[in-house]
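**Student:** Sequence:
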Amino acid sequence: MLNDSANLDIFLKIRGIDRVDLHYLMVRNGMLSENRYWDSLQPRLPFSDSFTTDSLWADSLAIDSMQLTEWEPYNKSIFLASRKIRNARNNVLPKGEVNGNRTKAWVAAWAVLILLVVVIYKKIYPYQFALQLSAMFNQNKFKELTETQTDIYRLSRWLSVFTSVNVLGLALFVAFSHYNIKTDYSSFTLFLIILGSLVIIHLAQRTLRSIYANTFEQEEFISFYSLVQRSHGFYFALYALPVLLICYYQNSLIFRDIFDILLLIVILLYLAANLSRGVYANYNKHKGSTLYLFLYLCAFEILPLLVVFKYINNLLF
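Numbers in this note's numbering are just positions in the sequence shown, counted from 1, shifted up by 1448.
Everything labelled a hint here was simulated from the structure, so no lab data went into it. Be careful, since some hints might not be right.
Unchecked claim - Cβ-Cβ distance ranges computed for the label pairs, FRET-style: (1) 1656 / 1528: 53 to 59 Å; (2) 1656 / 1563: 20 to 26 Å; (3) 1653 / 1627: 25 to 31 Å.
Unchecked claim - 27 Å max Cα-Cα, derived DSS-like pairs, lysine-lysine: (4) 1591 / 1570; (5) 1591 / 1571; (6) 1532 / 1552.
Beta carbons are placed, not taken as given, at the ideal position from N, Cα and C, and that holds for glycine.
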């Protein structure tokens, strides 16, 4: 029969530990003081003491307690969950968007629609079309354009308004895109909302102008000033459209700065051209009252711009 030392060696071999590890376990369990190192190498282990054996079993890992599970190289549920989290983290597009490059295609398609309307305008009214382009910087051509404003060219007015309003809507949409203004709408829905708002503003402005003209007997001046705005808006829209497309598809900081500068320049030139021709016509052609002109400019030109500027400023900052 083996003695206690032999039994201890067999036990330690089975458990895969040596006497030094045993010393550490006994010191930790309070069975031995740290300064009794030699005694720990040749202990008289009372195997009849259940506390001692239970402590050794608790501090060691039984081989038969290890549970081996089948290796699973691919878990579909984990993959789908991780992909959902990744897409949610990387999703910087507005709600409803799928792919940035794919959703930008409609902008080019809408620009083609605008150009198609311009081509139709030029095909139906070639003389009127040429006058509108040349009347911007030629007073004689503008006078000739004024004399051709009859019911025969009624459709040309709506075609020019359609062009200018749509280009202005694209300009506002590009501004929204460049400044990453978050909305709950897709890009196309947002553009339609902007375009619808501009149409409502235009119709409201026409109604208020008609009321102003009838109230202060300024029908001739209002008709002339409406032609000025329509002609100048069409001229700037034709040249602004390609710039808008370039700035939108080249979405970088440099092009965003260029877009901001050009948009500001176009707005200032448009307002300056309208104001200069309006004041000139008021004093030299229509002999209108200075007070009426001041009231008109404040109510229908300056005040709407201040409201729009305030709204955009609150939206951005």
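**Student:** Hint numbers the structure violates, sorted upward?
**Tutor:** Violated hint: only 2; rest satisfied.
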